[in-house]
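A.B. asks: Construct all of the structure, not just a fragment, from the sequences and the given hints.
So the sequence lines, in the order shown, correspond to chains G and C. Residue 612 in my numbering sits at position 612 of the first sequence; the count goes up by one each step and never skips. Residue 314 in my numbering sits at position 314 of the second sequence; the count goes up by one each step and never skips.
Simulated from the structure, these hints should not be mistaken for laboratory data. Misleading hints may appear alongside valid ones.
[Stated by the list, open to error] Which residues of chain G face chain C? A partial, calculated answer using Cβ under 7 angstroms:
id	residue
1	Ile98
2	Gln101
3	Leu102
4	Tyr107
5	Ile110
6	Arg122
7	Ala134
8	Phe202
9	Asp222
10	Ala342
11	Leu410
12	Gly420
13	Val438
14	Glu554
15	Ile679
Idealized CB from N, CA, C, for every residue including glycine.
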Amino acid sequence: MKLGRFEIGVDIGGTFTDIVCRERGGALHVLKVPTTRDDPSQAVIKSIAELAERWGVDADGIGRFAHGTTVATNAVLERKGARIGVLTTAGFRDVLEIGRQLRTDVYRVILDPQAPVFLAPRRYRREIPERLDASGTVLTALDEAAVVKAADELVQEGVEALAISFLFSFRNPVHERRAAELIRKRHPALALSLSHEVDPAFREYERTVITAFDAYLKPRVDTYLARLGKGLAKAGIDAPLQVMQSRGGLAIAEVARQRPVRLFLSGPAAGVIGGQIVGASAATDDLITIDVGGTSADIALISRRKPMLRSEGVIGGYAVRVAMVDVTTLGAGGGSIAHLDASGGLRVGPHSAGSEPGPACYGRGGENATVTDASVVLGYLDPDFFAGGRLRLEPAKATEAIDTKVAKQLNMTTAEAALGIHRVLNAQMAEGIRLVSVRQGIDPRTYALVPLGGAGGIHATALARELGIRRIIVPRLPGVLSAAGLLAAPIEHEITAEFATPIATFDLAALREKLGEIDRRAAALMAAEKADADKVTISYFADVCYIGQSYNLEIPLHPDDADPAGRLYRDFLEAHDRIYGHSVEIPAKIVGVRTVHRAGGSEILDEMRFAASGGPTEIGQRKIMVAGEPGFVSATVYDRNALPEGFSFAGPAIIQQSDTTTLVEPGWSCMVDGAGNLIVTRQEG
Amino acid sequence: MAETNGKGGLDPITVEVVRNKLEGIANEMQQTLLRSSFSPIVKEGLDASSSLFTIRGETLAQSIAIPIHLATLIPVVQKMLEVFPLTAMRPGDVYCMNDPYLGGTHLPDIALVQPIFFNDRPIAISATMTHHQDVGGMSPGSIPTRATEIFQEGLRLPPLKFRDAGQYNETLVAIIRQNVRIPDAVMGDLNAQLAACNVGARRIAALAADLGDNHALAIFDELLDRSEILTRTALKTIPAGTYRYVDHSDNDGIDLDKGIRIEVAVTVKDGTFHCDFTGSSPQVRGPFNCVPSGSLAAACYAVRAVTDPEIPTNAGCFRPITLELPKGSVVNPLEPAPVNSRTATIKRITGCILGALKEVLPERVPADSSGELVVLAFGGRHEGKPYVTGELIAGGSGAGPHSDGVDVIETDVTNCMNLPVEAMEMDVPIRVHRLALRQDSGGAGRHRGGLGVVKEYEILDGEVAFTYRGERHFYAPQGALGGGEGAKAHAVIHRADGREEVIPSKMMTTLVRGDRIVIETAGGGGNGVPATRDPAAVAIDIADGKVSTAEVHDKYARR
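C.D. replies: Right, here's the structure in full:
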């Protein structure tokens, strides 16, 4: 890897593009610019110029460029992927459309398609005579002429990419490989996704869908990364362009573009890694992060310093079998609208005012009472210092909205109604966090809460109180934590292979051979990163389930242990007990194995430590209203930039900084730790 | 906090906070139940539910994955309170039952009911229901297609103490263990139910400690009243009147030439919803009878589906609903009629209630869906070991007023996954040759009904005991507003020796190596006059092969 003075992390979100630039031995430079929707690379290129101008970040000195992107997600949400064709085994072209015959909203009687048929309507799906049996033995040879004919026709019809998904290809890829070979010869520019490469595991619908998504994204992700690469080259930067993958590891663009389905949670994964470094900086292993934005709140768990992963995620409402950080989204945020139902009950959400027109206090024509309006009325937000003063809030409009939409009907004061809105939203978020925790088999009371996003800090003490959490860590830079996470993330390459065997009778030599094979493939990818081979750490995992069960758990595999099978089985029982609440000693089997190669990555970004500004720590007093206290109380307002290490105070208090506001309710104490975090703890008694 | 302003002397904010918590508690119970259960039927079929009740036996909150569980514990809890009055209950008591004729559903569904105490006073009830893998009876899995009386279906449990002040009722446990085929699994799942009930008890007690028990009880009542108001308000938007519908299930698996008539008159008036099933068939000999809890679930589902889905689910939503279930009919059978295959009947009942409303609520109710979930079971031996495998297959959904139906999709009160072809072939010696959309099966219409599926299997080894339980072989799903009917289901066995046997909706037979079965499920009904369908949509259907040119010529031509 090239050694440069500067490393750059760029996280492109829906509204803002965040840039964090780390200078070796120096400070961390932070920029926030509006996202350029039509071509997101424009905002990136522009901010490079700004970095140079403001901090002398010269193109030559940039050693790497790490990137979190929403390009894959947006292509799906906006249906802007490529036109693709799908080749299947004869008799099975409708697997993609039939799916698992499940519907997500059981109370709707007028239904929409529940499988992502838009990826390839029936006329773009072709059947190829060929068939393997369950052991991978060829029953019907591949009809090569049919492959050629189908590909030619589909190309004629304007298809830009092809997905090939044959039955049992994960057992024997011979037909998928041969079909690809034939097609590449005739149509070298056509993007191909082969199911045994994308997701070598049984269940034809799940494998076909993720392979089709891969083909659907390939041309778009390709264009995007190529354009960004060109832009960087034009700006004189020849550092590697690394892209964050959904599991929380980086890959060089040339590799990332080959498997675009791994980019669905690129941005949120960077945020989770950001949360992880915050925990590490505060010497805390177990965290719950909650990122409260305008329309939603994202919850993630970090356990024993590792982000929790899930082997199946959801994109645009469709279940997809690709590993990602386990982020759960609730439809609750600052823009959530409070309203009264026909029985006079106060409801908050699920509708949101979004950013346009946004909360009433934005003064952009919004008339609904939102959570942010309530925060203004309650005195939590400084109208003149919202988003660092970029947007002046109009308190009169917030008051009016809450009065007319909620307070009057309920016979309450504006402040009582506003507090009510907060209490209801907090109850919803707390139940959401509790459910995520129960699902992962953890007790939230033993975890620390890390509030993120513009609005996380306002709700933190209320949520912690509700959940019995005693410790809150408010990071120094919650607004650009995703971008910072990009700089801390390791390079990671993961290869999975089908390897089906009962644990009790598994053949260690065969296992070693299989691991060797996938290790070679992962090493080849790592080589493309120009990472030092001796700095690469390798870990193995097995997907394990009880025989007869169909849900797998990912269990670390130690092939060099004295008794790898015994250890794997014991670890499986322990994990099963944690996640499912019980385990019994009945036979279990391995379904697949995985190798994960990692290089680089740092647990702590020392540069996140900032010297205190030297200005006054206290910048005023404000009347605020909080749950459990009658009437308004006086809170001290602190300037986060001015708080030195070791500074401590007690609630009620408000801490302001340009990217977030933190509310410390009465009964909580606050201290600035050595890493610049605010540590908020519950007072005993 | 102000507790005296707002309606009913209660702080409306606290009421809403408590509502969110109750839903959260029910969800946490359900998560605990799913997490700690062992059986695949719970883990993957999600055939289990968790509820909180008031001490009067009214639902406070419920967490379910499939709507057939909606309201389903109400008759159970009512019966429990009748047999064991509150005054006799003690902390640590847990009650259980499964008898359909005392308020249950079918025997595999065992309910656990636990009173929740605060300061030695019962303040609420937590309850769970799980479909157990086996409860004894004449066939493994306890859903015998050939049952003609409930005694063949398994162990019947009247309301009994499962735990007495925290101690297991060892007599009962011994009886259960002795009467089921897989005692460890059944006890494991019962303990998962117990764990879920305990979560409810712990958190409700904490809530009462926060609020004070009287305050909590007042809020519970208020929440029920609110859902009642919301439901009545929504029902009032439906034009008053009596709406009738008749549909049929194919047969009861025993008298194969006799259809089962479901007739309903839905009267909507002044915010009430009354379903009168007079005119429905007398109870049948086979296990397709449906006890009242099933009809109640169907009616509650229909009301939810046509009102506002955001109304919090509790007993308030169910108060406006009344049922007239003629005694001795298929919707209210007399003991000892068998009931294990009630699901097919509940699906048809739900379809009928919705069907009755489709003309008066054309924007909210689609054409009839296939409303079938084919139950297949294969049992044989492979390499010396016995195997059993099965699957559940859906048909197409009815077209909406502005959209085509969905092809091959679960509808109404069930939501079950199909079995992947690769999963089946890896486990058992059966090969699947085809899994395809069934051309021309969707009802013609301005909006076309969803297509059914064609699935073809071949037996590769040995003798296989084969069970097929279908629907819609003899009665097609109807269209709406001039739309055509969906294609009927069809299934045939192509014997290895060249014979062909058409399956008359239900069948148990033996298959041998080389036999093939071809199953075609029904399509959904169409919506609107076919001749008015957008020609571009017709062209796409032809390009996609969902509709043949012959069908277009026959049904879509403008006249």
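A.B. asks: Compare the structure with each hint and give your call.
C.D. replies: Here's how the hints hold up against the structure:
no.	hint	result
1	Ile98	5 angstroms, holds
2	Gln101	5 angstroms, holds
3	Leu102	6 angstroms, holds
4	Tyr107	5 angstroms, holds
5	Ile110	4 angstroms, holds
6	Arg122	4 angstroms, holds
7	Ala134	4 angstroms, holds
8	Phe202	4 angstroms, holds
9	Asp222	29 angstroms, violated
10	Ala342	5 angstroms, holds
11	Leu410	5 angstroms, holds
12	Gly420	3 angstroms, holds
13	Val438	5 angstroms, holds
14	Glu554	17 angstroms, violated
15	Ile679	27 angstroms, violated
Violated hints, listed in ascending order, are 9, 14, 15; each of the other numbered hints is respected by the structure.
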